[in-house]
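Make a model of the complete structure from these sequences and hints.
One-letter residues, chain by chain:
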Amino acid sequence: MKILVPLKRVPDPDTKIRIKADGSGVDFDGVKFAVNPFDAIALEEALRIKENLGDAEIVVVSIGNDDCVEQLRNGLAMGADRAVLIKAADELDSLAIAKILAAVYKREQPSFVLMGKQAIDDDSNQAGQMLAALLGLGQATFVSKLELIENNSKARCGRETDAGIETVAVKFPAIITTDLRLNEPRYVSLPGIMKAKKKPLEEIALSDLGVSAMSRTKILALEPPPKRKAGVRVKTVDELVDKLRNEAKII
Amino acid sequence: MSKILVIAEHDAGQLKLATLSAMGFAHKVCAATGGSYAVLIVGHGIAAAAETLRSYAAGCVLVADHSALKEPLADRYAHVINDVARSQQATMVVGAASTFSKDVLPRAAALLDAGMISDVIDVNPDGNDFIFKRVMFAGNVIATVKLEGALKFLTVRSAAFMPPQKVAALSPVTSVTVDAGSLPAQIEFLGSEAKVAGRPDSTEARVVISGGRAIKNSEDFERLIGGLADVMGGAVGSSRALVDSGITPNSLQVGQTGKVVAPDLYVAVGISGAIQHMAGMKDTKVIVAINKDAEAPIFEVADYGLVGDVYQVVPELMEKLRK
Ligand SMILES: Cc1cc2nc3c(=O)[nH]c(=O)nc-3n(C[C@H](O)[C@H](O)[C@H](O)COP(=O)(O)OP(=O)(O)OC[C@H]3O[C@@H](n4cnc5c(N)ncnc54)[C@H](O)[C@@H]3O)c2cc1C
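In order, the protein sequences belong to chains A and B.
Each residue of the first sequence is one higher than the last, beginning at 0 in numbering that gives the first Met the number 0.
Each residue of the second sequence is one higher than the last, beginning at 0 in numbering that gives the first Met the number 0.
Don't take each hint at face value.
Here chain B is said to cover these stretches of chain A; the calculated rule only asks that three of the stretch's residues, wherever they fall, bring their Cβ under 8 angstroms from a Cβ of chain B [unchecked claim]: (1) 171-183; (2) 208-221.
Sample of chain B residues with no beta-carbon within 12 angstroms of chain A, all distances over it, derived [stated by the list, open to error]: (3) G23; (4) C29; (5) A37; (6) H65; (7) R85; (8) Q88; (9) T90; (10) P162; (11) A167; (12) A179; (13) E218.
Derived from the structure by calculation, the hints contain no laboratory data.
A virtual CB, placed ideally from N, CA and C, is assigned to each residue, including glycine.
So this is what it looks like as structure tokens:
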């Protein structure tokens, strides 16, 4: 069994996002980067599947510039076996990413792909579904429970939908995207970091992958959301009820 | 000229109100640039929902009703949307920003080699094209974006677009032929959690009462958060902390990775106000925060903040509101 896990380099979820004064982009100066939390959950799940089965190969892949090596090494330190960096300079949108991942999929021929349901920077929540469509495979999105069934030929997945948990089964190969409650990713250990240094990390230029992946989405400007006007503190429940009734006129 | 295809959403035949906001988006685009919009509803036993859709000035209501489409499986629904978008020569395919649309629309977009923008909150014409605004980075950034291509897929935030005015002339209904044999069958439906009936959905309610880690167990959640919601005729929500600890079901989570709500009133009860939570409720008209920590970040967005213990404040509030 082979599991492909894409890892995206994103600003750490606890960082405060600042927009450059001219609105041309986010100011990443001094910002700490991390593996997208949903992707870390996907990798953790792959590692648990490997531990359960006794054997499996886990390949992590990242698309971007050399900085992504940091996140790939992190994935290797968590326990992935091999890493692939697809070198691409531009900001790519989800369809472009899905096309690149489809090419990686064809090279690697994994049993299935486990990936985050969304990246916490652009919050698009599209790439996994698009990848499934491009490859003509089944998909299970927003998965918070995963179980391999029928001799590991299928996954039974609990999906977090607006209405509650929905359960589906997908035949392998398939694309599975992870939600927060699937697991809690392990911390990277010192021996893990040492081992990661010796694990293979292959770099492939986008042009060598044979895909033309152009971003159709063009970001023209960024701005902060409108600020809410400062509120007031009320001292008592009576005062709160009075404000809601007579000032906000909401009840 | 725009030809917009709105993908309706329903819950076992019950129309989701967010669909009307997606139609409101389509209406706005057509009013500004000309063009028309159609609505597609896919499922089984959806005649009543389709009937409701006829009152909103859509050029036509397309109904793909088949037993093989009873469950909203992404492979099948995307297949149908792909067929209809082609035959309608759509220039935009639009759905409400919900887990349904997020599951199905990107898949359909890729089948049609179309780009997609999620969580659109504004649209403006720009020559023959459009400029959109969308939310990124857990609501901390609003991006102005263009999307190249003759066909665009979008999900729209329901709070950002008013439903179109109801009109007397009903839209014509066209049924979409579904060839069950050609539908993909890669995803097998096994079941879904029974919905807790009673309270409205937090995305559709005027008032949302939301509980955070201050709430110690499900009984307290029901008594305090549920109780307050019932007094105010509202819906309940919660932070991720309570969902993670099993006190509330995932369907209640408000935030970056849960539901985005924008009611008239949101009461945050014992919620600290992490950016990921605020991403889901910042566009509320009036925010009330009850928290024992006077420094909690939730107070920065609250119109009315009350520092106190929720176990004392909430029962008192319920009692006073009942009067
Ligand atoms: C990738 C990612 C996605 C996330 N998505 C979401 C999301 O969609 N939604 C979400 O909510 N979170 C999300 N989170 C989690 C988020 O960062 C916070 O951890 C979470 O919102 C905290 O929930 P809370 O406010 O209930 O708990 P806490 O932060 O623990 O706050 C509890 C609050 O209750 C107060 N309190 C405690 N006891 C009492 C009492 N008796 N009376 C009054 N006040 C009391 C405390 O002062 C404190 O302010 C996400 C995190 C990540 C990393």
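The hints, checked one at a time:
1. Proximity of the region 171-183 of chain A to chain B, defined as three or more residues with a beta carbon under 8 angstroms from a beta carbon of that chain, is established by the 4 residues found.
2. Residue count for the region 208-221 of chain A with a Cβ under 8 angstroms from a Cβ of chain B: 7. That meets the three needed, and the coverage hint holds.
3. The claim that B:G23 lies off the interface holds: its Cβ sits roughly 19 angstroms from the closest Cβ of chain A, which is beyond the 12 angstroms cut-off.
4. Distance check for B:C29 against chain A: the nearest CB is about 23 angstroms away, which clears 12 angstroms, and the non-interface claim stands.
5. The beta carbon of B:A37 sits about 22 angstroms from the closest Cβ of chain A, which is more than 12 angstroms, so the claim that it is off the interface holds.
6. Every CB of chain A is more than 12 angstroms from the CB of B:H65 (nearest about 19 angstroms), matching its label as outside the interface.
7. For B:R85, the condition that its CB be more than 12 angstroms from all CB atoms of chain A holds, with the nearest at approximately 15 angstroms.
8. Interface exclusion of B:Q88 from chain A stands, the closest Cβ pair being 19 angstroms apart, more than 12 angstroms.
9. Interface exclusion of B:T90 from chain A stands, the closest Cβ pair being 14 angstroms apart, more than 12 angstroms.
10. Distance check for B:P162 against chain A: the nearest CB is about 19 angstroms away, which clears 12 angstroms, and the non-interface claim stands.
11. Remark: the non-interface label on B:A167 is consistent with the geometry, its nearest Cβ contact in chain A lying 32 angstroms away (cut-off 12 angstroms).
12. Consistency note on B:A179: stated as away from chain A, and its beta-carbon is indeed over 12 angstroms from all of that chain's, at 18 angstroms minimum.
13. At roughly 20 angstroms from the closest C-beta of chain A, the C-beta of B:E218 stays outside 12 angstroms, upholding its exclusion from the interface.
Checked against the numbered hints given earlier, this structure breaks none of them.
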